[in-house]
Each structure stands twice: as C-alpha cells, then as structure tokens.
Amino acid sequence: MNYLKPELLEHLAAEYVLGTLHGGARRRFEQLMMESYRIRSAVWEWEQHINPMANNIPDIPLPDSIWKGIQQRINPQDFAQAADKQTGWRSLFLWQSWGAVSTAFAIILALFISLQTPPKVDQLNQVAVFNNEQNEPLWLISSNTETGQFAIKPINAQAVAVDNKAFELWMLPTNGQPKSLGLMPVSGKKQEMVLSPQLLSVLQSTQGLAISLEPPGGSPTGLPTGPVVYQASIIEL
Amino acid sequence: MAEQAELMRLLQATAQGNQQSFEQLYQLTAPNLFSMCIRMLKNRDSAEEVMQEAFVKVWHHASEYHQDRGQVSTWLTSIVRYRALDRIRSQKPTEPLDDDHDQTESDALGPLEWTIKGTEMNELEACLDELNDRQKEAIVLSFMEGLTHQELTERTESPLGTIKSWIRRGLQSLKRCLAQ
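Same order as they appear, the protein sequences are chains W and E. Under the numbering used here, think of the first position of the first sequence as -18, with each following residue one higher. Under the numbering used here, think of the first position of the second sequence as 188, with each following residue one higher.
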C-alpha cells in the first residue's frame, strides 16, 4: 500500500485524527508518521480542521485533584519531601548525596506501598528503583523470589514517555542473555503479576534490571532491539 | 478557550520552565478539555487520569510545539484527545464504561444539535452543516465520543459499509468546504 498516495494519505490522516483509525492500523500509521514529515503535516492539518469541534463543549469545573496530581508528577522531589515529613525519616536528609536520598525514599515508598494492601510483610524481599538523570524515581519494582510475585509501580514515568515507543523491562542474569519481563506501564496503578517458574529462576540469578526503548508492543526479537535507557540494581531486603 | 495569543505566551513560558505560567495555561484550557474527556470516557476518574497524563506531557514537551501544529488550543486538544482515545481502546475489552458521568448541557444535545449551539457560527460549524445529517452524525459522534466504525453501526443501526462511506464522504466534503 502506497501511503504517500495523496488521496489515501488524506483519508488515513483524517480518520486518525477523528479516532476511527484504531488498533493495528492506527499503530502502523503512527510509525509512518515518525518516518514522514508529509504524513505528520497531513495529520496536523486535519487536527486544525476538526479539533475546534471540541471548543463548543461547555466547560466543567475542575476538581483540585487533577492539578495536585499534575504537580505531584512534575515535582516529585516536593512530593518526596512532603512524604518524608509524614514518615519521620528526617535523618535521611543528612545524607550528602541527593541521589542516595531519592533512591532511599523510593525504597521506603515501595515498602510503604507494599505494606499497605495486603498487609503481608513477607511478600516483599527485593526492590529496585529506576531513576531519571536527576535521580528522581520513575518506577519502583518489588518482588518476592520465593512466591514469584512481581509488581511495577510507575511513579513519574509519564514524564519520560516517548510517543510511539514502549519501555520494556529486562532481567540481566549473571549468565545468559537478557530476559524480558514485559512492558512497563508509564501511568496508573501498580501492576502486579506472578512470574512463571522459568522467569522466577532467572530472577533468582539476576542482580540488575534494565529498560530498553522498543517499538509499540515490545521487542519483536525477544532481545533488546532499542537503546537501554535505564538500569537499576536489585536490592535485597 | 482563552485568546490564542495569551495561550501562546503561557506555553512559551511553560517551555522555559515557568510553573506559574503552566498553571495559568492549565486553568484557562483544562475546563473545556476535561469536559471533552468526560464526554469521551464517560467516567470521571478515567477523565481525571487522562487530564493528568496529558498535562504532564504538555509540561515536558511544551518546547516541541511549533506553528505547523496550528493554534495552541488545537495542539492541547490533540494531546488530550489521543490520550483519551488510547484509554477508551484499552478499557473496552475488559472494562465497560460506566454511566455515572457528569450530565452536562452538551450531553442533552444530540450530535446534530450541539455543534451549532455556539453564539458564533464558525467556519467548521458552517461546513458541518453542509453535510447531510447522517454524515454529520457519524463524524460528530466519532469525534465527540471516540466511537469506532463498528460502534457507530450499533449506535446508528446502519451497516458497516454505509458508516465508512458516510465518514469518508463527509470528511471529503468537509475538507472541500474548509478549503474554500
């Protein structure tokens, strides 16, 4: 199919903006948008044509919770400080390295989260924290190497999300090739799963985790195909 | 929405890291966008999450805006709408939308009425009015509620091929009209 044929391009761009292009066709079109300025331009033109349709919708008063949530995500350090006061871990701030502080806070947060519901202390014996370049936490990983329970909690990952790309999580075992643990959520609630015995045995010999940038849907080869963008050590509790 | 020049000034300051300007931009634009989200998602919690995700993206990507994207409000609408569409599509297989959403004035209007309710008939509204009722209904419903072709067949009780044809021809007519 020649997507640059003007009539087809025009139609696909219009249906993309309208939202009726969906599923695999939408993803393929997004990939093409990345490759072609002409396709992006067609989409932008249609956005300008039909987005004003939204302007006539009557406003709705905004709940404070939306702005608070936005602030929490764009200023995670403020959120961390506020939470620190609440938990009384002030001594942590004597640490000289802010990176260490933020990592420690993230671990505390992981513990806090995992101890909330369900209240089973023995469910968690490993954590890992992925930080951004400013050492602000992006994701918290927690796991139990006996039961195979595994959880991913996005903290501020939305901030680093890349259009038309997915973050894929990899175990880096002491011996052998990286093993995928699936795609990382960039927002929403903690994602929990139970690892298969095969994956659990790899996890037991893994000291580090990595995240690579992959096409939507994840690596097509079973091994990282994009750049490794984040790494984290597994911390035993 | 607010004047585009003001939105542009606030977006430029946001791109420089000015959080006060970002908050002003949010306060000016979000009530309309939140309303759009609720209408699309029919679930207030999901709409709040989409708004948060979209505006966090605006904060981090404000500098990527350029004039080829159209007015600032167009760009913001795209960011929020695409997030909402992603959310709708990801929810549908397992999580039916509830009916517990805000009843707004716009909900009371059918797709054929609401677009002409504004005090000023703008260019788009005039061109939408030139479409036949079925074409207009299909386009407005898919835009406002994020309906797929298949869902439009159920809503309008019309065959899939007919729906696709209404949308294709409606969009072509819209384009011709807007180009004049």
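In short, the hints are calculated from the structure, not lab data. Every value quoted in this text rests on a predicted model; they were computed, and no experiment measured them. Where hints are given, some of them may not hold.
To be verified - Taking lysine-lysine and the DSSO-like style, the derived pairs with C-alpha atoms no more than 27 Å apart in a straight line are:
no.	chain 1	residue 1	chain 2	residue 2
1	W	49	E	244
2	W	171	E	351
3	W	170	W	146
4	W	146	E	244
5	E	351	W	-14
6	W	49	E	362
7	W	170	E	229
8	W	160	W	49
9	W	160	W	146
10	E	351	E	229
11	E	362	W	-14
12	W	170	E	244
13	E	351	E	362
To be verified - What follows is a list of derived Cβ distance ranges for each label pair:
no.	chain 1	residue 1	chain 2	residue 2	range
14	E	206	W	22	47 to 53 Å
15	E	204	W	212	25 to 31 Å
16	E	255	W	143	18 to 24 Å
Cβ coordinates follow ideal geometry from the N, Cα and C atoms, glycine included.
Check: Which numbered hints are broken by the structure, listed smallest first?
Finding: 2, 6, 8, 14
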